[in-house]
Structure formats: structure tokens, C-alpha cells
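Novice: So the sequences go chain by chain: A and B.
Using our numbering, the first residue of the first sequence is number 1, and each one after it goes up by one.
Using our numbering, the first residue of the second sequence is number 1001, and each one after it goes up by one.
Source of the hints: derived by calculation from the structure; they are not laboratory data.
Errors might be hidden in some of the hints.
Derived contacts from chain B toward chain A, CB cut-off under 8 angstroms, selection only [said to hold, decoys possible]:
hint, residue
1, A1153
2, L1157
3, G1356
4, L1376
5, R1380
6, V1388
To give an idea of the interface, some chain A residues facing chain B are shown, with a C-beta separation under 8 angstroms as derived from the structure [said to hold, decoys possible]:
hint, residue
7, Q4
8, A9
9, C15
10, F20
11, N24
12, R30
13, N40
14, V44
15, G60
16, V62
17, K166
Quick list of simulated restraints, FRET-style, between CB atoms [unchecked claim]:
hint, chain 1, residue 1, chain 2, residue 2, range
18, B, P1162, A, A97, 40 to 48 angstroms
19, B, I1266, A, Y25, 44 to 52 angstroms
20, B, D1303, A, P68, 51 to 59 angstroms
21, B, A1277, A, R37, 52 to 60 angstroms
22, B, A1277, A, V18, 16 to 24 angstroms
23, A, S114, B, I1078, 28 to 36 angstroms
All C-beta atoms in this analysis are idealised placements derived from N, C-alpha and C, irrespective of residue type, glycine included.
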Amino acid sequence: MNRQIRQLALGLMACYVVLFVALNYWQVGRKQELDARFDNTRQVLREFNKPRGPIVTSDGIVAAVSFPTAPGEPYDFRREYPTGDLLADITGYFTFAFGSTQVEKMYGDVLTGSTTEQQVRGLGDLLTGGTGSTGTVELAVRHDAQAAAKFLLGGQTGSVTVIEPKTGAIRAMYSNPTFDPNTFVNADFEIAQEIITDLQNAPGNPLLAQAYQERYMPGSTFKVITTGIALESGIATLDSQFASEREWVPPQTNDPIQNYNGSLCGGDLATVFARSCNIPFAQLSTFLGPEAMVAGTEAWGIGEPLPIDLPRPIASTFGNTDNLAQELPLLAIRGFGQSEVQMVPLHMAMVAATVANGGQMMAPYAVESTFDQEGRVLDETSPSVWKTPISPTTAEIERQLMIGVAERGTASCCIALNGGIPVAAKTGTAELGDPTNPDLSHAWIIAFAPADDPQYAVSVVLTNVQSTADVAATGGRLAGPIAKGMLDFLLTGPGAQPVVPAPGAGG
Amino acid sequence: MTETAAPTWYVEDDGVVERPDSPLARSRRTTELTLVIMSALITGAAYTVTALGTNAEIPPGIVFFVAILLGLLLCAHIVVRLVARGADGTLLPLAALLHGIGFVMITRLDDELAGLQATWSLVAIVAFVATLLVVQRASDLARYSWLFFFVGAFLLLLPLVPGIGVNINGARIWVSLGSVNFQPGEFAKVFLAIFFASYLADRRELIAASTWKVGPLRLPEPRYIAPILMAWGFAVVVMVFQRDLGSSLLFFTLFVVMMWVATERIGYLVIGIVLFAGAAYFSWTQFGHVQTRVDIWLDPWADPLDDGYQIIQSLYGLADGGLTGTGLGRGNPGQVPEAQNDFIFSAIGEEWGLIGASAVLMAFVLIVGAGLRIALRTDRTFEKLLAVGLTTIVGIQGFIIIGGVIKVVPLTGITLPFVSYGGSSLVANYVLLALLIRLSDSSARRLGELPDDPTPTERWKAWRLGRRLRRDERRAAA
């Protein structure tokens, strides 16, 4: 019998060798293939079932938070966005099946406590009786400013962006149309898929944060850039005189360029800037030439994705520049922000901020700081200069020019601030040149205040606005009051109150 | 095979010769103690790390947990030391390790089940101790072989009794008495193994003689193979009426292996395999649930959201674990339905990786090795066959269910011994373990590795006999 027992031992051993081989086959041999299968939810589930810290605005309002679910729910946590659609452009969303966006994406590892620093600290905390390791993200964005932006924008399509010129901190960045992440983040797969597909197909692309992920023709607000380039190059000074003309025919064409509404417009630089004549800036652009203009716009950061701390920023563009020397009329038109020039709304706020900040363009940021679960600071955003397109002297000249726009120019109708606080602005009405609808335009304004000690720079764009026989859809008239409302709120209104520190901030 | 010869040791009752245990026997107990403490520490560490992985918290009752665990295992060890001190020193620690790993995974999967499993663990250790205390000599078991047969058959068929049998997940293998549910089949396998060992030990020559000619075949006399056919019948009953493919396969393999080892004739193995293949093919053509199982095995992705879901999730879990695992408490083994029962091995593979899962495989191989070593060492046919039977149960049961969850064989619902959640399984396997330890101890005593002391029962019987003799002497003198 011992022989049979030995054979049995070999047989059973062989069974387990087979198991071991099969285990290797599944766990090592086919690991990558199985991990990559579309219906394999392990990886995303692991991410999804981690506790996730909150996103808090700089004035202490919770914009995103996770709650543990009842036992038996498919996921361990529910992600909720108490502010609804108000901060959706900033926080983005975090879903099981459809990925994540904005801060939820960019700061996912901080929120779940997965950064090396949090893990190391977490180990120490375990020994001293601490708990867990999620992280908190504190936004630079203020809830009150964001709410004011939403209120001022009303239902209009467009965006309002407020940044601090000295730091680049984004205090408000709201755009319409937007979305409420609560409608789908915790929904069943099919429902969530339907809602997301609808949002993707909706006009205006609500899922995008248009303020930094879309670009629009800037119209006359671009003249700040053209003027800056011209002043820097020395071809224009504050004393430059421009002939008063209705039309000007640029080289290489017989087609004349006209001022807005075909008006007669001319004078010194301050006058043409304040009245927003087109011809002087077409001339400046042409005289500068393609190379200087392209180099100048690049110095302003045009052509580069904005250096924001959120995912997938878009770049502003000066249009196709390959053959510009043979297309001087296009260069002329682009000099006042028409044709192929497209600017990101946030970038335009940065342009105003550059003038306000003595020529230094700060890198914009939406996240002020990150904290670990115990409220200790993990990281604080330190302001950094992104571009220095103009000298302080040029910036001072442009500041004066923009004050002129607010005091006696195209914005004078609508931008005067409460309490007589001095303000600087530049309006823009980008005529889209839609042959079927010639009166369609984007209404822009960029502004900063107080003009003598700039605290906030704002850009407002209302897209696809329609002029009527009675009311011309100009930037000053339509966007101006929104910029005024925003600056009033921040400087003399309820928003002027000192900012409440966020919970957890300051350790 | 019952022991009829009167023990002879009491004759020298003036001074029983004190003979020390051999160093080998003593070192076994030291080994066992060391390994038991190690498996308790491994379990405690795994418990802590899993809690850290799940909740990022050191479990509040960890010291208490390890103390209770160590206490239970030390109790078992001390009882082995007292009543079976010649036994193999690796069986108890291996079982304790598997049990501990299983308990950690069950706790991680479901807190409520963990409490129940803790209670069952206590009962299992008590059953282990009780078995060792009651079965003082392995050969005692042979005396009651027919009793074991009837009890085993009764337990096996009990779930079919209307009123107390319960269908759970399509299999009718549960009995519900009041609030207690148990699977009598888990115990039946141990009892039937004892019966078979005894039956075959008595009649192995007769069965092997094969004097009955049927055409070209030479078969044993029908009356000698009748019980074997009956066992085959049991296996069929279990498969058809209880829909429990795993247990059916397990019973059948057990019988065939024991027949083969007892008769030393490979023909029984062949016949067994042919019979099984026939039965399997027949049931595949006749029973929907068997067809489903086979179809899932062949291609789980044919129905990934329903029939194939469990096995696919198991494979995804294993793949996610990879070589080193996702980390204790950091995977999602809950994705696999019934992860705490049949699929606990894939949960281990996910979180402990190939390394941890291989450790579990190794533990089973070592248990099988230890069990078959017992079978080789002992010189008595009954004990040999019983050791073979019990070892085959553990080895084959492990293979069937592990093979099922990693798609080596069709999945059949059956528990992974010592690891899966379930009171019946745990208690029955600890009884089985105690029997193996008793067999090991008995053979060690006969090999002279330690003095073959009388058992307490034997002492008591001897004392009674001595009293009677003295009384007779007094009467004779009077």
C-alpha cells in the first residue's frame, strides 16, 4: 500500500502544481490583459472607494465633499457638491465611470491622501493616534465673488473672471452655460451616461469651463496688447497723433478698413484708445509688421496654454501667422482684435492685470493651498511671474489710457464705481461677421480697480449677443455694468468684508 | 480488527517503567509550539495590516484579539501535548495559519460574519480538543465502523428530508434546526471515510482477489463491492438531488482513492475514473445546472454580467492582485459575490497577491504531505487507510474549490477547508485534523518514539479489572 500512498502523494502534489501554474497564468501572465479589459472596474473602483477630502473655497464654503454611504450601497462614498453649479467650472466632477475634471482631477492624489508626503505623515499619525490621510484643497476662488459673478451674468451666455493682479489668484471664474455635477456623479451608470452625453451635446458645451477652456474673438480689448507692443517697440508714444479718418486702405488691398459704425475717428493715442478707433491700431499693427506683432503677442503669452493649475487649459491665438507678410490686411485687422484672433477670457483678465501690475503677468491659480487631514499645510501656491510683456513705463502709460476709457471713453457710460473709486477699463465688441446674422457679436470688457492701487482685474465676455435697432450690443454697454457690479461688490459692497479664513486653514 | 487481546502492561503495576520520550517526539512539540505562536503572530499582523488598509486605523481590540487567538491555539497545543504528544507537529500550526488567514479575510469582507466566525472558531477548537479526548486510540474508531456508516449516510441524506432541508443558492445541502443552519455533508465525509477505512481494511484481500468473472472482466464478489457501489450511489444522489457537484466529486474521489490504495490495484482507479466520466457526461446531458457550470468554465465571458460574473470578477481580482497583491484591505474582493465562502481564495489572491496565494497552496501541500506521511509511517491497515482518506478529503477539497475559482476545473460550490466562512466546515475540518493527529500519535507510540502509556479509559478499565481480580482472589482465599 505504501507504493500507492506515494503515488497518491505525487498525484495530489501534481494537482497543486497545476493550481500554482494556473495562478501564475492569471496573476502574472494575463495580468495586463485582464487589467485593461473594458468591463474590469477594479482600478477605478479602488480610486472611487478611497475616502476623499473636501474642496473648500477661500471664504470657507464647502464646494465638494464626500459622505460614507450606507452599507450595501455599490460605492463606499457619495461625492456631493453643495454649491450646485456655482463652482462646477472650478471643482469639476468626480465620477466612477466617466473620469474626473478640474480640481477633482488635478488634485485627486491630494484629496485621497495619496501623495508621498501625506503617506509618510499618515504613518507618523498612526503611531500618535491620528486618523487616515485624506487631503483638503482650498481654492483661491471666493464663493461670494463667484455668486456675485453668477448673479450679475444672469442667464446670459458668457463668463466673468476676477483675478488679483499682484498674485494671479483667481477670485471668481464663472461661465454660462454650466452644469450641476450632483445630477450625475452618484447616479446609476445608464442615467449618468445619458446626462453626460446630453451635456456634451448641449450648445455652448456646459461641461467646459469656458473662462479658461474656450477662446473668443476679443475685439477692441485686444488694443491693449497692440498698444503695448507698439509702445514697447517705440513706434508709438503717448504723443503720437493719428489722422482723423473714416476709412483707411491697408497695403496689398483695395478694401478699406473702417472704424466702428463707420465713424470719423482720430487724435492722440489717449483719444483714439478711449474712443476705440480701429484705424490707428490697424496702422500700428501694419507698421510693426508681422514679425514684431507675432513676437509681441507671444510676449503676452498668446499661443501658449495658460499656466493655470487646472487641467487642459486652452491657448489664446493670434491666428495663422505662416503667410502674414503677404496678408498685411489681415495683420491690420488683427491689430484691433478681429479676424482670427481669439482670446481666452481668463487671459484677457490677465492682460488687464498685467497693466495693473506694472507689466508683469502673473500665472493664474485657482488653488490657494492644500492641507492634510490634520489641517497642516501640504502646499501653498506661491505667486509667480509668467510673462513680462511690457515695461513698468509702458504699463503706466497703458494704465492712464485705460483710465481714460473709463472716464471719458467707450466705458464711461457704465463702469463708474461706487464711492468714486478710480477704475481703468477697455471695452471690446467683436463683430463675428456672420453673413446670416451681421449683428451678432461678443461683448467684452476688461477692467481693474482701484486704478491707483489695483486690487482686482476683471474680464467679462458675453458671447453671441445680438444688436437691435435700438440698442447696439457693445462691450461697454452690455459687459460694462457686469464689470462695475463685480468691482463694486469686491471693493465697496458685501464682498469688501475681510475674508473669513477657511476651516482647517492655519493648522 | 478490534483489539481483543488483553493489555499486558498492568502486570508490572508495582512500578511502571518510566521511559523518557525520544528527542524526536519532544522536538515535535517544541516545533508545534513555535509554529503555533508564529501563525498566531502572522494572523495578528495580517489582522492589523488589513484594518490599516481598510480604515487606516489600528484595530482597537488588537491586543485582545491576539491574546484570545493565542490562548485558543495554546489550549489546542496543550491538549495535544497532554494526550497526543507523539503526533506530527506541523498539522495544527498549518491549520491555524489557514484558519487565521481565512478569518482575517472574512473580517475584512464582512464584519458581521466575522463575529459568527469567531464563535465558530471557538466551537471548532472545542471540537478538536473533544475529539482528541474521546478518541484516545485510533483503532477504537474501527470498532464503530457501521455506526459511522449509518450516521454518515443519515447526515448526507438529511438535507433531503422535507421540512428541515433548505435550498441555499440552488444546492440542497443545508439543514435548518431552529435558528441553527448547518451542512451535515461536511461531517458525513469524515464519518464515511472512517467507515471505508475500516471496511476496506477488513476485506481488502477479498476485494482484491476478484474471483467473479463477468465476460473478460474479473470483478470482486458482488457482496464485497456492494458498499462501494452504494457509495457511488451516494455520490450520484448528492449530485442529482442536492445539486452539490463539489461534494459529489469529493465523495467519489475519496472512495475511489481509498479502494485503489486498499486493493493496490490500479484497475479500481481506472474504473472509478470511467464511472465518474460516465456519470459526469450523463449529468451534463441531463441537468441544466451541470451544463451551466461547464459552459461558464469553458467561456465565462459568454455571459459576463450574469452566469459568468462571479468567475470573471474572481479572475479580475486575481489579475489586479498580481504578484504582490493590492495590499491587505486595499483591494476590492467584495466585487466577487460569495467572496467569503467559495471564493475566499480569489480574495486572498487579490489582496495578498501570487505570493500570499502560493503560501496558501503550500500550506495545503504541507498538510497533504504530513497526512500521507502519517499513512506511510503507521503499520496498521485501518490507520493507513483512514489517514489516506482524511488527507484526500482535505487535499481534493482544496483542489476542487481553488481550481474552480481560478478556472482550472468547473466551479463547484464547496468550502475551502479551514479558510472559508462556515461553521460546519470549520468544525468538521478540525475534527478531521484531530483524527489525523491521533493517528500520528498512535503510530509514533507503536514505533517506540515514546512510551505507549495507557489511556485514561484503559487505566480505568484496568483498575476495574484489577479490583475484580483482587476480589476474586480474596473470595478464593476466603
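Novice: Give a verdict on every hint.
Specialist: Do the hints match the structure? See the list:
1. At a threshold of 8 angstroms, the smallest CB-CB gap from A1153 of chain B to chain A is about 25 angstroms, leaving the interface hint violated.
2. Hint status for L1157 of chain B: violated, given a least beta-carbon distance of 29 angstroms to chain A, over 8 angstroms.
3. Hint on G1356 of chain B is violated. Least Cβ distance to chain A is approximately 10 angstroms, over the 8 angstroms limit.
4. Among the interface hints, the one on L1376 of chain B holds; its C-beta lies about 6 angstroms from the nearest C-beta in chain A, closer than the 8 angstroms criterion.
5. With a least beta-carbon distance of about 11 angstroms to chain A, the hint placing R1380 of chain B at the interface is violated under the 8 angstroms criterion.
6. For V1388 of chain B, the interface hint holds, since its Cβ comes within 8 angstroms of a Cβ in chain A; the closest pair sits about 6 angstroms apart.
7. Interface restraint check for Q4 of chain A: the shortest CB-CB distance to chain B comes to about 4 angstroms, inside 8 angstroms, so the restraint holds.
8. Checking A9 of chain A against chain B: minimum C-beta separation of about 5 angstroms stays under 8 angstroms; hint holds.
9. The beta carbon of C15 of chain A is positioned within 8 angstroms of a beta carbon in chain B (closest approach about 4 angstroms), and the interface hint is therefore held.
10. Checking F20 of chain A against chain B by beta carbon gives a least distance of about 6 angstroms; that is within 8 angstroms, so the hint holds.
11. Look at N24 of chain A: its Cβ gets to within about 7 angstroms of chain B, closer than 8 angstroms, so that hint holds up.
12. Nearest Cβ of chain B to the Cβ of R30 of chain A: about 6 angstroms, under the 8 angstroms cut. The hint holds.
13. Among the interface hints, the one on N40 of chain A holds; its C-beta lies about 5 angstroms from the nearest C-beta in chain B, closer than the 8 angstroms criterion.
14. Interface hint at V44 of chain A: violated, since its Cβ lies 10 angstroms from the closest Cβ of chain B, which is beyond the 8 angstroms cut-off.
15. Of the supplied interface hints, the one on G60 of chain A is violated, with its beta-carbon coming no nearer than about 26 angstroms to a beta-carbon of chain B, more than 8 angstroms.
16. Annotation: V62 of chain A was flagged as interfacial toward chain B, and the flag is violated, the nearest CB pair being 22 angstroms apart, outside 8 angstroms.
17. The closest approach between the C-beta of K166 of chain A and any C-beta of chain B is roughly 40 angstroms, which is over the 8 angstroms cut-off, so the hint fails.
18. With their beta carbons about 47 angstroms apart, P1162 of chain B and A97 of chain A fall inside the hinted range of 40 to 48 angstroms.
19. The supplied range of 44 to 52 angstroms is broken by I1266 of chain B and Y25 of chain A, whose beta-carbon atoms lie about 31 angstroms from each other.
20. Under the hint 51 to 59 angstroms, the C-beta atoms of D1303 of chain B and P68 of chain A, about 33 angstroms apart, miss the expected range.
21. At about 34 angstroms, the beta-carbon gap between A1277 of chain B and R37 of chain A misses the expected band of 52 to 60 angstroms.
22. Roughly 19 angstroms separates the CB atoms of A1277 of chain B and V18 of chain A, a value that falls within the hinted 16 to 24 angstroms.
23. Separation of S114 of chain A from I1078 of chain B is about 47 angstroms and departs from the stated range, judged on CB atoms against 28 to 36 angstroms.
Going through the hint list in order, the structure does not satisfy hints 1, 2, 3, 5, 14, 15, 16, 17, 19, 20, 21 and 23.
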